[in-house]
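Asks: Residues per chain are reported as follows:
Number of protein chains: 4
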Amino acid sequence: MKTAIAPLRIGVVGLGRLGKRHAENLAYRVPGAALVAACSPLEDELCWARDALPEPRLYRDYAELLADAGVDAVWLVTPSSLHAQQIVDALRAGKHVFCEKPLSLDLAECERVLAEAARYPHLQATIGFMRRFDPSYKDAFDRIAAGQIGRPFLVRSQTTDKNDTDGFFVRFAASSGGIFLDCTVHDIDVARWLLGKPRATRVFAAGAVALHDGLREFGDVDNGVAICEFEGGKLAMFYASRTQAHGNDTHSEVIGTAGALTIGRNPRANRVEIYDASGIRNECTPNFFERFEEAFLHEARTFVAAVQSGAAAQAGATLADALEATRIGVALRQSLQSGQAVTL
Amino acid sequence: MKTAIAPLRIGVVGLGRLGKRHAENLAYRVPGAALVAACSPLEDELCWARDALPEPRLYRDYAELLADAGVDAVWLVTPSSLHAQQIVDALRAGKHVFCEKPLSLDLAECERVLAEAARYPHLQATIGFMRRFDPSYKDAFDRIAAGQIGRPFLVRSQTTDKNDTDGFFVRFAASSGGIFLDCTVHDIDVARWLLGKPRATRVFAAGAVALHDGLREFGDVDNGVAICEFEGGKLAMFYASRTQAHGNDTHSEVIGTAGALTIGRNPRANRVEIYDASGIRNECTPNFFERFEEAFLHEARTFVAAVQSGAAAQAGATLADALEATRIGVALRQSLQSGQAVTL
Amino acid sequence: MKTAIAPLRIGVVGLGRLGKRHAENLAYRVPGAALVAACSPLEDELCWARDALPEPRLYRDYAELLADAGVDAVWLVTPSSLHAQQIVDALRAGKHVFCEKPLSLDLAECERVLAEAARYPHLQATIGFMRRFDPSYKDAFDRIAAGQIGRPFLVRSQTTDKNDTDGFFVRFAASSGGIFLDCTVHDIDVARWLLGKPRATRVFAAGAVALHDGLREFGDVDNGVAICEFEGGKLAMFYASRTQAHGNDTHSEVIGTAGALTIGRNPRANRVEIYDASGIRNECTPNFFERFEEAFLHEARTFVAAVQSGAAAQAGATLADALEATRIGVALRQSLQSGQAVTL
Amino acid sequence: MKTAIAPLRIGVVGLGRLGKRHAENLAYRVPGAALVAACSPLEDELCWARDALPEPRLYRDYAELLADAGVDAVWLVTPSSLHAQQIVDALRAGKHVFCEKPLSLDLAECERVLAEAARYPHLQATIGFMRRFDPSYKDAFDRIAAGQIGRPFLVRSQTTDKNDTDGFFVRFAASSGGIFLDCTVHDIDVARWLLGKPRATRVFAAGAVALHDGLREFGDVDNGVAICEFEGGKLAMFYASRTQAHGNDTHSEVIGTAGALTIGRNPRANRVEIYDASGIRNECTPNFFERFEEAFLHEARTFVAAVQSGAAAQAGATLADALEATRIGVALRQSLQSGQAVTL
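Chains as they are written, first to last, in the UniProt record's numbering: chain A, 1 to 344; chain B, 1 to 344; chain C, 1 to 344; chain D, 1 to 344.
Chain A on its own, in the form it takes in the complex (with noise of 0.2 Å):
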């Protein structure tokens, strides 16, 4: 745990709800790192920021923050939209990046990040694909590469939101990118990761609208499913809703030519069971954050420490990998849209 290295000294950017997350996991619970900045443009999360952390300098502006020799790395948790420029001008500054997805809802802004990034080899600059980190998503890519399955064929993958009877999610729809790359965008990744990273070919989606009309206006669905055919045979097959009613059920299951394996099947919120008149069950997790508490845990662990040790590999999904994510993601939108196949 002790090492004798200096600590990452890391600046958070955006202190919503998931940016407090990563900032407390950064402050508290990550060896090696320091949580020595926060920027936030409104004043109630520098609020926050002050009572809840230990003593990081607060900047209401990234520039300054860049500007600030003290930090080594930020960490960018803000709207989509930002993230391409803000990713550019942070490695310009020097400064290592981890990056909440996605990289870019826009293929050519994906591309641009990485010329840039080209130029930077010795930063790290890893985009937050934390199901990677989850440890059952680790367990099964350890026990696929170990060959417990033979040669893995096919990923089904899902996530799947309770439903939000406020319609966050609608409001939001001008902005998400519609369902299949706010949501199933991690499954690409997931099934891309455990496959091998092969690359598709050809992408097939369909949609419908089950409680929450508003999305129409955008083009959007509530519940997508889609297919997506990799090189070499390889296939996944999605699904992406926002109106479940048990809970945030987001799991996996990738099928090999010697066996298969479930990644979080039930999503069980503890180890509890309740019997009662209704028979016997379990609660589950509301939404990703609980599900996947460990998971961000985990991610932040493995960028510091990859930091620290220079081995880049290590660090979880690269920009290449968030690139790929996207251009599959803007493939199944637009097979939403014309109600025909897709060639990438």
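Please keep in mind that the hints were generated in silico from the structure rather than gathered at the bench. As the structure is a computational prediction, the values presented were derived from the model and not from experiment. Just so you know, not all the hints are guaranteed correct.
Claimed, not checked - SDA-like cross-link-like pairs, simulated, lysine to any residue; straight-line CA separation at most 20 Å:
{"hint": "1", "chain 1": "C", "residue 1": "101", "chain 2": "C", "residue 2": "318"}
{"hint": "2", "chain 1": "B", "residue 1": "20", "chain 2": "B", "residue 2": "290"}
{"hint": "3", "chain 1": "B", "residue 1": "138", "chain 2": "C", "residue 2": "290"}
{"hint": "4", "chain 1": "C", "residue 1": "20", "chain 2": "C", "residue 2": "45"}
{"hint": "5", "chain 1": "A", "residue 1": "138", "chain 2": "C", "residue 2": "278"}
{"hint": "6", "chain 1": "C", "residue 1": "162", "chain 2": "A", "residue 2": "148"}
{"hint": "7", "chain 1": "D", "residue 1": "162", "chain 2": "C", "residue 2": "277"}
{"hint": "8", "chain 1": "B", "residue 1": "162", "chain 2": "B", "residue 2": "287"}
{"hint": "9", "chain 1": "C", "residue 1": "20", "chain 2": "B", "residue 2": "31"}
{"hint": "10", "chain 1": "D", "residue 1": "138", "chain 2": "A", "residue 2": "283"}
{"hint": "11", "chain 1": "C", "residue 1": "138", "chain 2": "B", "residue 2": "270"}
{"hint": "12", "chain 1": "C", "residue 1": "162", "chain 2": "A", "residue 2": "257"}
{"hint": "13", "chain 1": "D", "residue 1": "138", "chain 2": "A", "residue 2": "268"}
{"hint": "14", "chain 1": "B", "residue 1": "162", "chain 2": "B", "residue 2": "209"}
{"hint": "15", "chain 1": "C", "residue 1": "101", "chain 2": "C", "residue 2": "294"}
{"hint": "16", "chain 1": "B", "residue 1": "197", "chain 2": "B", "residue 2": "111"}
Fit chains B, C and D to the supplied structure of chain A, relying on the hints for placement.
Replies: Same frame as chain A, but now just chains B, C and D:
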């Protein structure tokens, strides 16, 4: 399925709820069986037999049934207090006998029947511990016999009923023999069967009245727990309950030196799982009829096949097994009442 | 159980593995049925019938069976390519018809049968989609009908077989119609049935050859995935596989606006769980015979009861249902081969 | 998270396997805690502390640690036989004390510590029954408190370890106190905690030596079963084992008048399920470290928070709880040896 030999001509005695089930099985679902007669002192039961069964000869009196030369075997589903004498009478009349459990609540009566039966070795006499014929219990038995769990040394087994607010079993308490002789007797037979029929050496029991105060006057409880020691360092733990919220939850576990098996640990009603705001759940088997429907059928088929093949060994629990179950059950009741361990 | 009306006299046609099962059910386990005739061109199958069935009249030739005035209904368990004409012939001979799926792999043939059947409205004609009679599928159907999951809008369903290293289905590939018409046709029927029989509007399919390269020359795959869009914004996702390691894993899920149901998600062989050094496990149903044993029985009982009561509506999948299943299956095969979505 | 008050300065005593876990938690994962000192008589443990912990002051001698005025609390992870005197010494030195279970295997010793502790009401003294801090056990406790299962009256609880072929616990048998005082003591505390701390009135225990004959000379067993009666008609059943094949299987069940809860009934290692030729399985938690990793952390956080807030009530099991656990454990051992029920 088809057999050249003549069908076994059976007379069913007692047409209550369970008797009707047995009668329908024997009439329609047991190859080699012909249900030719039915006996009940109750007019409505005989009416039911006339409507639902394939033209059986009907008797109000058991002696008349026994005098029917066209009956090869009797199937006793009568009150427990009648079992012993009815078995003796049947054997003396030259009939094979299947009798629902228990053989008798009285040890001396049990022994009297065994002595009498010894005079008729060519006649089949079986007590209906149907759990031995449940496909899952049978699968567990076969796995143990094949050595899959090493040497079995501990059985945990329970018989727990959904709470009956009507309190039938309270009114029945005077003659039921108490919770251990009424319910646990099945678990005792399961434990002996799965552990290789070791001799019981000592028992201890305790109990609680959770909901049904009316039991107190009979020295009975609605929840009972017990430990049974067998020779050779084998053990059993029992639980019986009349007050479960979720259904009939009859399950068993057998632990060996190299592994363990559970049978029916989640008493699923079927293969459906329900996802809703309360989580993910399955409903449970409401009662032992539903749970052991298949077992009752296999039990009847096995009895008939055993008589026809002359292979008595395969017909289910013997009178000696039933005697042992009663002996242990009586000791448990004695322990409950005395608060002391009872040595057998 | 007992009925005053005369038994339905049935002739079974085809006594292969599945035919034998049907024959035994009809002979011994279906109240109101009398298996009076059996037809097969194979001597050993007729020998089996002679030994195992209750003295049926035996025919080598289907026309002779149809000429038997003592036969009220025929039960076709013959090669798929014969189904259409055999149904027509049976109807013309005045017999009720139960026919195993599929009606035909050829749409024109399906339509020809429907046109012919329209001339015999008094005759029952049912295609054997047995899943509708599985108690768990039936329970799910009833829950949906009772509104327990709100409005159902998405079905996910799969038919996956344990890998057959013998490769029977490869040799069968020339006539099977491909994986979607052979396997997924069941899931198509399930989806239509659970979603309220909506009209399919568009499909997309993809596939992989995981293990059986011999399928390539037939344009077939051993793993197929598909999406089906229905009118009214309803959706289905299908998966079919010939290469599972753990057993026959046939399960379905239906998602509604207020909840979801899964049917058979873990294809448990029985109620036993095994605890050993590899963890805690259950074995799985090895094949569809084991999984749907009860369904085949209920299917036969329902057919017989429907004929006897004249209530055609309750006898299972109609010819029109079978036509739709074939229509969608043909479109899936076309999509697999073209790589394009197919509009219906 | 952040608090204005000074951190609690802790000295850990004993750096074996479990001591190291506690030390790392206190050093890096407990807000408000500062691990300032470590004590061990073993050079290699002190070396580990030097490398792995944040510059603690190191002591070979417990008295020296107690003399360190910069230590507010001691954390005892030492051999059981030392606990009682070390707690007394700590209290006399004015330190708060956290001590791993058991308080003592000797009842008189337990009582001596309680008497002494009564003189220092301002000092926190807690025994480490960590199960109370496991999120699932805590959830069950909260549900019971909320009345979700009516009145709880029966707890079934087990502590079973994966078989250790190395036989560590056999060598440890002379000082462990036997299986009930070593393992079941946790279940005793769970039962008392979930049932509302009723007074135990009578116990009965039995056991078997399944694999480790070396235990016989100590009068110990490798599998033990027990029943405990409490006042008010409450009951507990316990099972302890050293010989499980599948892993550490620590689980509990509490049954009430309106429902029941199980906690950890399937000791899943994580959320992965494996599908292969052996069926569908999950691996199990290999040992109590893995199973209760989170519990140890919450336990430490709660202790620190309790000291800092002065709210002793929330700090976990009291010395009085520990005394009761030992009292019942001693009675169980006595019952095992005598074959008689023991009245308390």
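Asks: Hints first: check each against the structure and report whether it holds.
Replies: Evaluation of the provided hints:
no.	hint	verdict
1	C:101 / C:318	11 Å, holds
2	B:20 / B:290	14 Å, holds
3	B:138 / C:290	16 Å, holds
4	C:20 / C:45	9 Å, holds
5	A:138 / C:278	19 Å, holds
6	C:162 / A:148	17 Å, holds
7	D:162 / C:277	9 Å, holds
8	B:162 / B:287	7 Å, holds
9	C:20 / B:31	16 Å, holds
10	D:138 / A:283	15 Å, holds
11	C:138 / B:270	10 Å, holds
12	C:162 / A:257	11 Å, holds
13	D:138 / A:268	16 Å, holds
14	B:162 / B:209	15 Å, holds
15	C:101 / C:294	17 Å, holds
16	B:197 / B:111	18 Å, holds
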